[in-house]
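Chemist: As a plain string of letters, each chain reads:
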Amino acid sequence: MSQFIQQLLNGLFLGSIYALIALGYTMVYGVLRFINFAHGDVFMLGAFTGLYLNKLMGPILAALPWPVAILIVLVLSMAICAALGILIEWLAYRPLRDKPRLNVLITAIGVSLLIEYTGQLVFGATQQPFPAIIPKVNVGGLGGLTVTMTQVIVSVTAVALMIGLRFIVMKTKMGMAMRALSLNPTASSLMGVNNSVVISFTFGLGSALAAAGGILYASLYPSIEPFMGILPGLKAFVAAVLGGIGNIPGAALGGLIIGVTETLVAGYSDVLGIPSGYRDGVAFVILILILLFKPSGLLGKVEREKV
Amino acid sequence: MLEIENLEVSYGSIKALHGVSLKVPQGSIVTLIGANGAGKSTTLRAISGLIKSRSGKVKYDGEDITNLPAHKIVAKGLCHVPEGRMVFANLTVEENLRMGAYLRNDKAGVAEDLEFSFQMFPRLKERIYQAAGTMSGGEQQMLAIARAIMSKPRCLMLDEPSLGIAPMLVRSIFEQIVAINKERGITILLVEQNANLALAISKHGYVLETGNVLLEDTSEALRKNPQVREAYLGG
Ligand SMILES: Nc1ncnc2c1ncn2[C@@H]1O[C@H](COP(=O)(O)OP(=O)(O)OP(=O)(O)O)[C@@H](O)[C@H]1O
Ligand SMILES: [Mg+2]
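Protein chains in written order, with this note's numbering: chain A, 7 to 313; chain B, 3 to 237.
Where hints are given, some of them may not hold.
[Unchecked claim] Pairwise CB distance ranges, derived in the manner of DEER restraints: (1) P255(A) <-> T212(B): 13 to 23 angstroms; (2) L216(B) <-> R100(A): 37 to 47 angstroms; (3) T220(B) <-> K300(A): 27 to 37 angstroms.
[Claimed, not checked] Non-contacting residues of chain A with respect to chain B, defined by C-beta distances greater than 12 angstroms in every case (computed): (4) P71; (5) V74; (6) W96; (7) A166; (8) I169; (9) M176.
[As the list claims (entries may be wrong)] To give a feel for the contact side, a few chain A residues facing chain B, derived at Cβ under 8 angstroms: (10) M180; (11) R185; (12) P191; (13) G198; (14) N200.
To be clear, the hints were calculated from the coordinates, so they are not data collected in a lab.
Each residue gets a CB set at the ideal place from its N, CA and C atoms; glycine is no exception.
Take these sequences, add in the hints, and give me the full structure.
Modeler: See below:
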C-alpha cells in the first residue's frame, strides 16, 4: 500500500510538470486553433536558461538563501522564455495568420527542429548536469514514504502557477479577452480587442509556464540536453488532448493523469508484465484511446452555436 | 456623421461592392435594404474594418477611417452588431456585456450602462449568469445589441436584427432600437430583410442590388415606390 501511495505521489509530481507544459498547448490552441509543436522546445530552453543563469550569477545565487535563489532563477527564466515565445510567434506564425492551418502546423515543426539543432550547436550535444539549487533532503518520512525537498518545491510551484493562471484567465480583462478571442475572433475585434496583442500575451504566458516546467523538470532529473523537450512535450500535448484541447482545467487534469499512469506502469512493470522501458508509450496508448472513444477530451465540450 | 464614398470590395476575384456611396446623418436612423447577396453585410464589414476595401472612402465625423483595423474603429465610437449575432457562447450574459465595455475604464459608467441594458432588455437580467450560447436566438440578439451599447457608441450598425426571430420579439427589439436612437441619441445604420419594419422606423433608406445602390430616398417615398413594393414589400 505504501509503495502504491509512493508511486502515486511520484506520478503527481511528474504530472504537475506535464500539466504546466500542457497549459501552453491548450491556450495557444484556444486563440489560434493550431498545435504549437515548438512548445516542448521552449520547455527545454527554460531549463537551459536556468543553467546559464546559474553559470552567470553563481556566486550571487550561492550567497542567497536557496528559496530566494530558486525563485530568482525561476522568474528570470520565465521572463526570458516569455519573450522568446512572443518572438517565435511574431517571426514564424504571425505572417501566416490568414493562411491555411496546415501551413502553420508544418512551420511549427520547422521551428521545433530549428530550436533543437541550434540548441545543439550553442549548448552542445552532450548531457549537462543541472545545478542543485534545492537542497537534497527528505522531508516526508511518514509511513515509509519519501518525499524530497525538490518534489515539494515542484508541486508547490506548479500549483501556485496554475492558481495564478486561473486568476489571470478568469478575473482579468486580458484573460476575458483571451476567452472571448478563442470563442469568436471577429466578435472580439468588434469589441475593441486588439487580437494580435492578446495572441502575443498568450504565447508569452504559455512559454513562461513551459520554462517553469523546464526548471522544475531539470530539478527533478538534473541532466539536460537540447532534445530533452521532445518527449515531455509530446506527453503534455497528449495531456492537453486528453483534457479537451482548448480547455484549461482539462489540460491540468490531463497532465496529472498522464504523469500518474506513466509512473504506475513503470512502478508495477513486473506485476503488469510490461517492461518499465515502455513507460514512455503510455501517453500514446492513452492518446489512441481518447481519440477512439472521446475525441473531445474529458472536459472538452462540443460547442454548438444557435443560428 | 457616417459617410461612405464609392466603396469597392472584392472577395478574391469576386467583386461584391461596385462603388457604394451612402450617408448617415447625425441622430438619424438610415436603412439599407436589398435581396440576399446584394452586399449589405459586406458594406457594414468594410465600414467596421472586418474586411479591407479595394478603393473608396469611409468617413466618420469627418475623419477618414478607411481600412483601419476593426478594434481602432470601435474605439472611435462606431460599433457593428454583426449578422448572426456572434455572442460569446461560453461566456455568461454579464461577461458578454463586460466585453462590450472592453475599451472603457470608467467603472461607474459601465455599472450604469449595465443597469441600462437590463432595463432595456429585462430578460437579460433574468439570465445574467447563463452561458450566452444556451439562450434563444431572440435573447442572443438582445444581448448582441446591449453588448454593443456597452461600448458607448455614437453610431451603431445593426445587421439584420430580425433574422430568424419570432414576430413578437422582433417588435420589442425594434422598439428598443428606436429608443436607443431617441433617448440615447445614437445614430443608426440598419440593415434589414424585413423592409417593411425597417422603413417604418427610419427616415431615409437605400436599396442595394448586386453591389450597387439602386435607389435612395426618404423611407416614406421608398415605401410608396412601386419597384420597392414589388421586390421587397411583397407587392
Ligand atoms: N467570405 C466571402 N467569400 C466570398 N464571397 C463572399 C463572402 N462573403 C460574401 N460573399 C459574396 O459577396 C456578395 C455579397 O454578400 P453579403 O453577405 O454582403 O450579402 P447580403 O446583402 O448581406 O446578403 P444576406 O441578405 O443574405 O445577408 C455575395 O455574392 C456573397 O456570395
Ligand atoms: Mg447579410
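Chemist: The structure should be examined with respect to each hint, and the outcome stated for every one.
Modeler: Results for each hint:
1. P255(A) <-> T212(B): 13 to 23 angstroms: violated (50 angstroms)
2. L216(B) <-> R100(A): 37 to 47 angstroms: holds (41 angstroms)
3. T220(B) <-> K300(A): 27 to 37 angstroms: 59 angstroms Cβ-Cβ, so the 27 to 37 angstroms window is violated.
4. P71: holds (41 angstroms)
5. V74: Holds, since 36 angstroms exceeds 12 angstroms.
6. W96: Given that every Cβ of chain B is farther than 12 angstroms from that of W96(A), nearest at about 17 angstroms, it holds.
7. A166: holds (26 angstroms)
8. I169: With a cut-off of 12 angstroms, I169(A) remains clear of chain B, as the shortest Cβ separation is near 20 angstroms.
9. M176: About 10 angstroms separates M176(A) from the closest Cβ of chain B, which leaves it inside 12 angstroms; violated.
10. M180: violated (10 angstroms)
11. R185: Check passed: Cβ of R185(A) comes within 6 angstroms of chain B, closer than 8 angstroms.
12. P191: This interface hint is violated because 10 angstroms lies over the 8 angstroms limit.
13. G198: This interface hint holds because 4 angstroms falls under the 8 angstroms limit.
14. N200: It holds, given that the least Cβ distance between N200(A) and chain B is near 5 angstroms, below 8 angstroms.
Comparing the model with each earlier hint shows violations of hints 1, 3, 9, 10, 12; every other hint is respected.
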